[in-house]
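Q: Chain by chain, the residues:
2 protein chains.
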Amino acid sequence: MMENSTPSYPPTDRTQVRRRAMRGVYDKAQVHAILDEGFLCHIGFVIDGQPYVIPTAYARSGEEVYIHGAPASRVMGVAHRELDMCLTVTLMDALVVARSAFHTSINYRSVVVLGRARQLTDLEEKRKALRLFTNHLIPGRWEEAKQPTDQELKATGVLALPLDEVSAKVRTGPPIDDEEDYALPIWGGVVPVIQTFGKPVPDERVLAGLTAPNSR
Amino acid sequence: MMENSTPSYPPTDRTQVRRRAMRGVYDKAQVHAILDEGFLCHIGFVIDGQPYVIPTAYARSGEEVYIHGAPASRVMGVAHRELDMCLTVTLMDALVVARSAFHTSINYRSVVVLGRARQLTDLEEKRKALRLFTNHLIPGRWEEAKQPTDQELKATGVLALPLDEVSAKVRTGPPIDDEEDYALPIWGGVVPVIQTFGKPVPDERVLAGLTAPNSR
Chain A
188 MMENSTPSYP PTDRTQVRRR AMRGVYDKAQ VHAILDEGFL CHIGFVIDGQ
238 PYVIPTAYAR SGEEVYIHGA PASRVMGVAH RELDMCLTVT LMDALVVARS
288 AFHTSINYRS VVVLGRARQL TDLEEKRKAL RLFTNHLIPG RWEEAKQPTD
338 QELKATGVLA LPLDEVSAKV RTGPPIDDEE DYALPIWGGV VPVIQTFGKP
388 VPDERVLAGL TAPNSR
Chain B
188 MMENSTPSYP PTDRTQVRRR AMRGVYDKAQ VHAILDEGFL CHIGFVIDGQ
238 PYVIPTAYAR SGEEVYIHGA PASRVMGVAH RELDMCLTVT LMDALVVARS
288 AFHTSINYRS VVVLGRARQL TDLEEKRKAL RLFTNHLIPG RWEEAKQPTD
338 QELKATGVLA LPLDEVSAKV RTGPPIDDEE DYALPIWGGV VPVIQTFGKP
388 VPDERVLAGL TAPNSR
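Just so you know, the protein sequences line up as chains A and B, in that order.
Taking the numbering used here, the leading residue of the first sequence gets 188, the next gets one more, and so forth.
Taking the numbering used here, the leading residue of the second sequence gets 188, the next gets one more, and so forth.
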């Protein structure tokens with residue numbers, strides 16, 4: 188008989204959620220679902236003791252997360268020197284409106300990945316990674332668009348960060364007010380935060396008769 | 188006669204935008220506008236050489252950005268030890284759909300603040316900061332909600348990060364394809380990314396007759 192638990196990432200001293208530990212999640216399926224829903228991450232790295240945090244697109248493939256950038260960028264230099272990085276993805280779900288201003292909060296789901304990134308060198312692996320990025324951002328776009336040349340692939344830095352040391356943190360549900368405050372004549376609840384895509388806007392050089400693809 | 192330029196943050200070696208330098212912005216008014224539009228930031232800090240990036244709410248007051256948290260949290264410990272931090276805010280505006288997959292991009296506006304945070308100790312200054320947070324997240328909510336007690340203020344850590352070493356990076360406009368690719372029968376343009384708020388959802392203990400406030 189199978190063990191009665193789903194696969195999870197073993198917490199380490201560095202990924203153990205300390206504040207509000209009940210919000211800590213290590214379940215692989217939940218971590219993957221958060222990573223697959225988002226497409227913008229924030230990468231943290233250290234240069235001369237100074238932490239930097241920069242936004243970038245990402246896509247997950249199995250137990251790795253890919254990011255890309257120019258070979259001359261700071262983050263590629265960090266990867267080249269095999270320094271520790273942190274990749275964080277945050278999805279905002281709702282504003283949590285408590286009766287007490289002190290208990291104002293946000294419903295969110297976030298994933299934190301710690302570790303060192305592998306630099307892709309094989310052109311075919313890079314091509315697969317770029318396909319993954321493109322289709323993660325705009326489903327089906329890779330197949331509609333012009334494919335990159337080998338020269339372009341060579342000029343692109345792609346990093347793979349392994350999903351080894353990983354934690355998620357999730358807040359859901361209504362506000363949690365102090366018991367006596369529920370008697371106050373003050374509204375409490377949540378206001379959903381919704382991210383949607385607007386109508387595609389063609390640029391000025393779209394050929395006559397071409398309509399926006401179905402990909403978004 | 189006034190100098191013919193608006194106030195800006197002087198770039199340092201650490202905030203000079205290196206990749207795609209034309210996207211670098213140091214103008215104070217633009218930096219403030221980005222900070223005032225967002226409400227979720229990512230904080231970077233270093234513990235034992237490992238960078239960490241965590242999401243948290245923030246609000247700007249003049250030339251400082253406030254964040255808050257439990258006194259026992261990692262980030263408060265970092266501030267207490269006067270270590271360097273990085274605060275990054277990213278607003279996503281559009282998916283940039285190029286004819287060539289290689290030129291797929293995102294229109295965004297981001298601000299990066301480097302520096303060391305000041306810990307607020309004065310209760311009245313903390314109260315003002317919490318008012319700012321609450322009303323930044325949900326305009327007008329502070330005045331509708333129950334105010335925090337002195338005990339709650341004492342139990343809240345509030346940090347102020349000065350806007351000294353600051354840069355913004357902005358990408359706007361259509362895709363930039365290679366000249367020859369504009370002749371391809373492939374659609375190009377942008378797809379707006381829109382963040383909105385849904386209908387407020389009351390919790391199960393809202394008193395009869397109370398309706399959601401106008402604050403969101």
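Derived from the structure by calculation, the hints contain no laboratory data.
A few of these clues could be false.
Note that the list lumps identical chains together, so a pair holds whenever it fits in one copy or between two copies.
What the hints assert, rightly or not - In the DMTMM-like style, the derived pairs of lysine to aspartate or glutamate whose C-alpha atoms are separated by at most 20 Å in a straight line are: (1) Lys-333 x Glu-311; (2) Lys-356 x Asp-235; (3) Lys-386 x Asp-280; (4) Lys-341 x Asp-223; (5) Lys-333 x Glu-250; (6) Lys-386 x Glu-312; (7) Lys-315 x Glu-391; (8) Lys-215 x Glu-366; (9) Lys-215 x Asp-235; (10) Lys-315 x Asp-235; (11) Lys-315 x Glu-352; (12) Lys-386 x Glu-366; (13) Lys-333 x Glu-352; (14) Lys-333 x Glu-366; (15) Lys-341 x Glu-250; (16) Lys-356 x Glu-269; (17) Lys-333 x Glu-367; (18) Lys-356 x Glu-391; (19) Lys-333 x Asp-365; (20) Lys-356 x Asp-368; (21) Lys-341 x Glu-224; (22) Lys-333 x Asp-368; (23) Lys-341 x Asp-365; (24) Lys-215 x Asp-351; (25) Lys-341 x Asp-200.
Q: It remains to establish, for every hint, whether it holds in the given structure.
A: Each hint tested on the structure:
no.	hint	in the structure
1	Lys-333 x Glu-311	within (16 Å within a copy, 59 Å between copies)
2	Lys-356 x Asp-235	neither (29 Å within a copy, 22 Å between copies)
3	Lys-386 x Asp-280	between (23 Å within a copy, 13 Å between copies)
4	Lys-341 x Asp-223	neither (27 Å within a copy, 39 Å between copies)
5	Lys-333 x Glu-250	neither (28 Å within a copy, 46 Å between copies)
6	Lys-386 x Glu-312	neither (33 Å within a copy, 44 Å between copies)
7	Lys-315 x Glu-391	neither (31 Å within a copy, 48 Å between copies)
8	Lys-215 x Glu-366	neither (35 Å within a copy, 44 Å between copies)
9	Lys-215 x Asp-235	neither (34 Å within a copy, 27 Å between copies)
10	Lys-315 x Asp-235	neither (34 Å within a copy, 35 Å between copies)
11	Lys-315 x Glu-352	neither (24 Å within a copy, 38 Å between copies)
12	Lys-386 x Glu-366	neither (46 Å within a copy, 25 Å between copies)
13	Lys-333 x Glu-352	neither (36 Å within a copy, 40 Å between copies)
14	Lys-333 x Glu-366	between (60 Å within a copy, 13 Å between copies)
15	Lys-341 x Glu-250	neither (24 Å within a copy, 43 Å between copies)
16	Lys-356 x Glu-269	neither (27 Å within a copy, 26 Å between copies)
17	Lys-333 x Glu-367	between (62 Å within a copy, 11 Å between copies)
18	Lys-356 x Glu-391	neither (43 Å within a copy, 24 Å between copies)
19	Lys-333 x Asp-365	between (58 Å within a copy, 11 Å between copies)
20	Lys-356 x Asp-368	neither (27 Å within a copy, 44 Å between copies)
21	Lys-341 x Glu-224	neither (29 Å within a copy, 38 Å between copies)
22	Lys-333 x Asp-368	between (59 Å within a copy, 8 Å between copies)
23	Lys-341 x Asp-365	between (58 Å within a copy, 17 Å between copies)
24	Lys-215 x Asp-351	within (10 Å within a copy, 40 Å between copies)
25	Lys-341 x Asp-200	neither (38 Å within a copy, 28 Å between copies)
Checked against the numbered hints listed earlier, the structure breaks hints 2, 4, 5, 6, 7, 8, 9, 10, 11, 12, 13, 15, 16, 18, 20, 21, 25; every other hint is satisfied.
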